[in-house]
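Start from chain F and add chain X according to the hints.
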Amino acid sequence: MRKKVIFKGIALPWLLLLPQLVITGVFFFWPAGQAIYGSFLREDAFGLSREFVGLENFRDVLADPNYLAAGWNTVVFSSSVAIGALGVALFLAVQADKAIRGADAYKTMLIWPYAVAPAVAAVLWLFMFHPQIGLFGKALNGIGIRWDYKVNGDQAMLLVIMAAAWKQVSYNFIFFLAGLQSIPRAVLEAAAIDGARPVRRFWTIIFPLLAPTSFFLLVVNIVYAFFDTFGTIHALTQGGPGQATSTLIYKVYVDGVQNLNFGASAAQSVILMAIVVALTAVQFRFVERKVHY
Amino acid sequence: MLTAADDAALVRATARRQARSRYVAHAVLTLGVLVFAFPIWLTLVGSSHDANTIGRGDVPLWFGAQAITNYISAWTTGGSAVRTTGQVPAWLMLWNSLNMAVMIALGKIAISLLSAYAVVFFSFPGRMVAFWLIFITLMLPVEVRIIPTFEVMVNLGLINTMSGLVVPLIASATATLLFRQFFLTIPDEYVEAAKIDGAGPLRFFKDVVMPLSVTNIAALFVILFIYGWNQYLWPLLIVSDKDLETVVVGMSKMIGTSDSQNEWNIIMATAVLAMLPPVAVVVFMQRWFVKGLTETEK
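Those protein sequence lines, which keep their order, are chains F and X. Quick note on numbering: the working numbering labels position 105 of the first sequence as 1450, and the sequence is numbered without any gaps. Quick note on numbering: the working numbering labels position 76 of the second sequence as 517, and the sequence is numbered without any gaps.
Each hint should be verified, as a subset may be incorrect.
So, partial list: chain X residues that the calculated Cβ filter (under 8 Å) puts toward chain F [as the list claims (entries may be wrong)]: (1) Arg-463; (2) Pro-480; (3) Leu-483; (4) Gly-496; (5) Val-561; (6) Phe-563; (7) Leu-579; (8) Met-580; (9) Arg-586; (10) Thr-590; (11) Val-608; (12) Val-689; (13) Val-731.
Derived from the structure by calculation, the hints contain no laboratory data. Every residue gets a Cβ at the ideal spot worked out from N, C-alpha and C, and that includes glycine.
Next comes chain F alone, as it looks inside the complex (with noise of 0.2 Å):
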């Protein structure tokens, strides 16, 4: 789409888009094509010279244990905090559509985790289930349940899982409240009239109608609990115990800047990038058909 009337002038708008291009260029692009050229290149024991090795360094991370554990966790970490984020949103937001008056006040107390940084939320749940400071860890303790998520790696994911999952809720809470407001009125009445009790209505109208926020936000929350979480990862389990809690772009960031392996994190970063394609595709063809909707 374009408009019909424009102004003339080729030097103009190229000086327009500079500051913008400039950027990308070299804090995008050339990064970016570093990666891929690096992904396939290995650097000696002392970091002086780097050889072409075709395809070895990929067939070496997808076959390192680690990188696949990081894999799964990624699943199970991202998964987990979609669904959480989403039921828990979608739940809050058919009751304050229900309270007609008052849904507004709701939203602003619920919509205020969202400004909360994710090493910050992390934080604040580390005070409340840290074993033996935090009010929950140690209640947990003291019933007989041992609890230590620094040990004990099913906890460490179960609380990375919470934390980051608190904090997306206020997102999803705000489309799926306004996705509910958009239902009209009429087709609900008109449903219970004809004798739908609410739960019926609910799977048979506001569920269908509310499907394409929902999938929207799904792929939201997956890039979310993707990209997003490294802070609530690294200030609340370092990744661990063990590898635990590491997640791919966890481990990218561990391999490259702490182990400083140049052609698996050069790999890895490339791995990563075919995922954000993925994903960005899914979503940018989920919103053409939204705007038809």
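Coordinates of chain X only, in the frame set by chain F:
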């Protein structure tokens, strides 16, 4: 046939049922709000006690008497506990975060306005190429190009500088797409009228497009301020200088590996200070915030 009395009874029954369902809804929502606020409550309360109370694990549920002392200590010195990273006073970290967040938000808005204007109101060779180059950056978050981006930063001498914190983050496909979307809704007649009046493209931008974009800019600013304030990986990578520490990263660095060294009350006070500005922005600018959120993600 229903009599008038039956009718009235039915109406009353329906009203009762609806009222009951609304009470349940209010109860559930109140519970939800309390559950969501609880982590903050605990942290606020914790920041008003002395370090030993919390270190012992006697988690209080009501405020103590140390609030002022704790916040002064966090604000001016960053606490006195022994830490691997050393302390940075909260005022400095907050100042750095504020600078970073405002500059990222304004920078993103400025360069996105310009590039969206070029793409929408001009026809020039390479227009679509430029548009796609900007669009593709959506698929290249920092996380997937960490090491090579770091190398670029080292080569440009941007490590440990405020420009290094800000400039690489101000490219914005999302903001450009949003402004493009909005510019496309500006009627062609405006451009025609401007041309007839002899106004050039820059004049049209300043006198027509900018004033029309004010609400979009405000909405976007709220979202981008929060985005900038909450940056974590980027400052962690390129800032090691204590003078440039931002509050979100600095706060999480205060938590050492050895629990006995942690001055929990000061950490909690710093956490409260770290979340206060973005939360205040969301609460007080809610209308802009919701608008920005729902429009950038479309």
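Hint check against the structure, violated hint numbers in rising order = No hint contradicted; all consistent.
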